[in-house]
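Participant: Given next are the chains, with one letter for each unit.
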Amino acid sequence: MHSRKLAFGNLMKLLRSFAVTGCGLVLVVLAIGGCNKTATDSNEILIGHYASLTGSQATFGNATDTAVHMAVEEINAAGGINGKKMRLITYDDKGDKREAGTTVTRLITKDKVVAVLGEVASGLSLAAAPICQENGVPMLSPSSTNPKVTKVGDMIFRCCFIDPFQGAVCARFAVEHPKLKAKTAAILYDQSAPYSVGLQEEFEKAFVKLKGEIVLKQTYQEGDQDFSAQLTAIRGSKPDVIFIPGYYTEVGSIAVQARKLGIETPMLGGDGWESPKLGEVAGKAFNGCYYSNHYSSQDPNPRIQDFIKKYKAKYNETPEAMAALGYDATYILAEAIKRAKSLSGKDIAAEIAKTKDFDGVTGKITIDADRNAVKAAVMLEMKDGVATYVSTIQPGM
Amino acid sequence: MTNSASKPTAASPVLPQITDHSRIGIFQGLWPFAIGIILAALMYAILPNAIGQYYSRIVIDIGIAMIMAVSLNIVNGLTGQFSIGHAGFMTLGGYAAGMITYYGSLLLWDSQAKHGGFLGAGDWMFVASCLVGGLVAAAAGYLVGLPSLRLRGDYLAIVTLGFGEILRVVLQNTGKVLEDSAALRSAKWSQLIPPPVGGALGFDAIPKYTNLFWVYVFLTFTVVIAYRLKQSSLGRAMISVREDEIASQAMGVNVARYKVLAFVLAAFFAGIAGGLFAHESGLNISPNDAGFQRSFDYVIMTVLGGRGSITGVMLAAMILTALPEVLRDFEQYRLIVFALLLIIMMLVRPQGLFGIKEIWQIWPGTGRRTAS
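So the protein sequences, as listed, match chains X and H.
When we follow numbering that gives the first Met the number 0, the leftmost residue of the first sequence carries the number 0, and every step to the right adds one.
When we follow numbering that gives the first Met the number 0, the leftmost residue of the second sequence carries the number 0, and every step to the right adds one.
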């Protein structure tokens, strides 16, 4: 009897806890619902952008976002899209997949944007892309190079080249460039970054195809400080070139430590090297190293120099490749919306797919049947901390 | 008759009557579960239309965070150990569950897409996979719990941290996801070991079954079982370990057993939460989820909620999950505001929101009922 009574009392408490948490939940929901009402103006076209404005890849996210802002301002100053002003909503995803999914859901279902720009990191684009696909809102990634991203569905596009192309460009450059003429290569890649893992696979495939030999593969983790063990092993294997498809944060330390160990072998990398910080960190250690990129700020093409001048005037720094891609992505999207019959996702996606020979800062961009951009890559050489233009490699080699 | 005075029977009438808490069995009285399931079904039916996809998603995230916080509370709050590898158990459970639904769907239905509607065949496979994920995580919890026989405090924390980091690196070295059923059927053993779960890029293409209903059904089970555990003799023993290990050992409590039990139970629920996490849309579970950053999110929830207070950590989980979204209007300052709020909360209530009490014990008017 006593025990029954006790059980009942406890269960009443439990019930009350349910009620209290339920009420709390409702309150929280109301609180979030109460604030931030977006007024929808029929004279505006809403564009969403999600980016890592904070977190470990914040430099990429911020560079992209400033350029996207700049492009939107320019488009509006030039009269907008068919008389309507473009309005940009940017949300920070902290470089966290959970937040990327939430922000894209918010952009699409609450703010009701007509199209979404983002993300830089392929892992985050992959997380959010299915939401865009499901809701029928086109997503244009400025710089996710992993091939899987656009395979999510017919609403997902990108305006950069993909890893297989970049890997092939690096491999071809290593074999053919007169200063390299590589027959053997060692690879040192970041095991924790999908970008790095994907790119090294593609490089290996292309390099072996060109009758090269991969003599050694070594790995590191994001945030590592000491690379002497891997570098000593690489020194022993005597490669003609070392391929390091990592991010600039670690690549800088790798170069300095390699030179300290007496390794004079040229190093080769991908667009993850692109950052003004790279020269600051490593300086002369990078002499004789090359990386592939989306564009070169030294290219005399007036379209590029014009963009750099405007960007410098506004933000007082040289734009990196992520900024250039963000800028191009915004223009491609704006032109597609301009051409589209209506603002429905389907019509805009159809027009993005038709983009042909778009004259962007990062080269002539054509969207192919797989919704990837077909465009050239440039190879840059590091000279005393400055990335100098070497050559342009066209697609379809 | 000189020895009659020393007979134990003489003292028995004076002994206070002991309430046998262990008789409140874990499965006695099923109606809280029924209420939870009905509430979950109502949420599933009403919420998405009433508040939209965005808020529903936050409510789902809150539910998953609550399961994580309540389960971690069994180790950190009730038993007084300090685990900072809880996200490791979650990720392990998530990968196990994801493998079952992804490769199971490929084998059974030749496609990884969702199969069947609400409560359809795919849904039941998803539920089973979450439970299996829980069991896999529980097995890992047993292994991690074992060193706790010898370690305590900071040293145990390092072991749990190490578990999460080891798991992260192991998952980074897994193979590529097999794309379709043909690839799966013709796969060689070398492709299956290490398991094909995507490596550093994460395990994408898992069918997205997680919805409000299942999250809140699992949350109901977690909370009711955690609450009954706390009230039972098992929970009392765990609390005694928290308060004073040596004293409880002197009282005959098998300290090691209760520590391991706490780890296994907590890991089981974390594994279930991982299954829900892996099947949520707009999320690909990836090795980085096992790292200490995510673990710390949940540690903060238990600290903020109060040691051992189930309702406290639930409230903390709700606040900490919803707050970053509420603060979106502050743009880039939101994380600063978020951190400031945390500091203020810890200064104002260092013992956590509810301390060691449950919400009804500090509810105005109810007064002090039972100490726990």
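Worth flagging that the hints you see were computed from the coordinates, not collected in a lab.
Be aware that one or more of the hints could be misleading.
Unchecked claim - Straight line, CA to CA, 25 Å or less: simulated BS3-like cross-link-like pairs of lysine-lysine:
| hint | chain 1 | residue 1 | chain 2 | residue 2 |
| --- | --- | --- | --- | --- |
| 1 | X | K182 | X | K204 |
| 2 | X | K259 | X | K382 |
| 3 | H | K207 | X | K216 |
| 4 | X | K311 | X | K337 |
| 5 | X | K283 | X | K180 |
| 6 | H | K207 | X | K109 |
| 7 | H | K207 | X | K345 |
| 8 | X | K353 | X | K150 |
| 9 | H | K187 | X | K216 |
| 10 | X | K237 | X | K276 |
| 11 | H | K187 | H | K175 |
| 12 | H | K113 | H | K207 |
| 13 | H | K207 | H | K175 |
| 14 | X | K210 | H | K207 |
| 15 | X | K111 | H | K175 |
| 16 | X | K204 | H | K207 |
| 17 | X | K308 | X | K111 |
| 18 | X | K204 | X | K180 |
| 19 | X | K210 | X | K180 |
| 20 | X | K216 | X | K204 |
| 21 | H | K175 | X | K150 |
| 22 | X | K355 | X | K382 |
| 23 | X | K237 | X | K180 |
| 24 | H | K113 | X | K345 |
| 25 | X | K216 | H | K113 |
| 26 | H | K113 | X | K204 |
| 27 | X | K208 | H | K207 |
If you're wondering where the values come from, they're calculated on a predicted model, not measured in any experiment.
Participant: All hints are to be evaluated individually against the structure, with a verdict given for each.
Facilitator: Against the structure, the hints come out as follows:
no.	hint	in the structure
1	X/K182 x X/K204	14 Å, holds
2	X/K259 x X/K382	18 Å, holds
3	H/K207 x X/K216	36 Å, violated
4	X/K311 x X/K337	28 Å, violated
5	X/K283 x X/K180	22 Å, holds
6	H/K207 x X/K109	21 Å, holds
7	H/K207 x X/K345	23 Å, holds
8	X/K353 x X/K150	18 Å, holds
9	H/K187 x X/K216	24 Å, holds
10	X/K237 x X/K276	29 Å, violated
11	H/K187 x H/K175	13 Å, holds
12	H/K113 x H/K207	7 Å, holds
13	H/K207 x H/K175	20 Å, holds
14	X/K210 x H/K207	43 Å, violated
15	X/K111 x H/K175	36 Å, violated
16	X/K204 x H/K207	33 Å, violated
17	X/K308 x X/K111	34 Å, violated
18	X/K204 x X/K180	18 Å, holds
19	X/K210 x X/K180	12 Å, holds
20	X/K216 x X/K204	13 Å, holds
21	H/K175 x X/K150	16 Å, holds
22	X/K355 x X/K382	35 Å, violated
23	X/K237 x X/K180	14 Å, holds
24	H/K113 x X/K345	23 Å, holds
25	X/K216 x H/K113	39 Å, violated
26	H/K113 x X/K204	35 Å, violated
27	X/K208 x H/K207	39 Å, violated
The structure fails hints 3, 4, 10, 14, 15, 16, 17, 22, 25, 26 and 27 (numbered hints given earlier, in ascending order).
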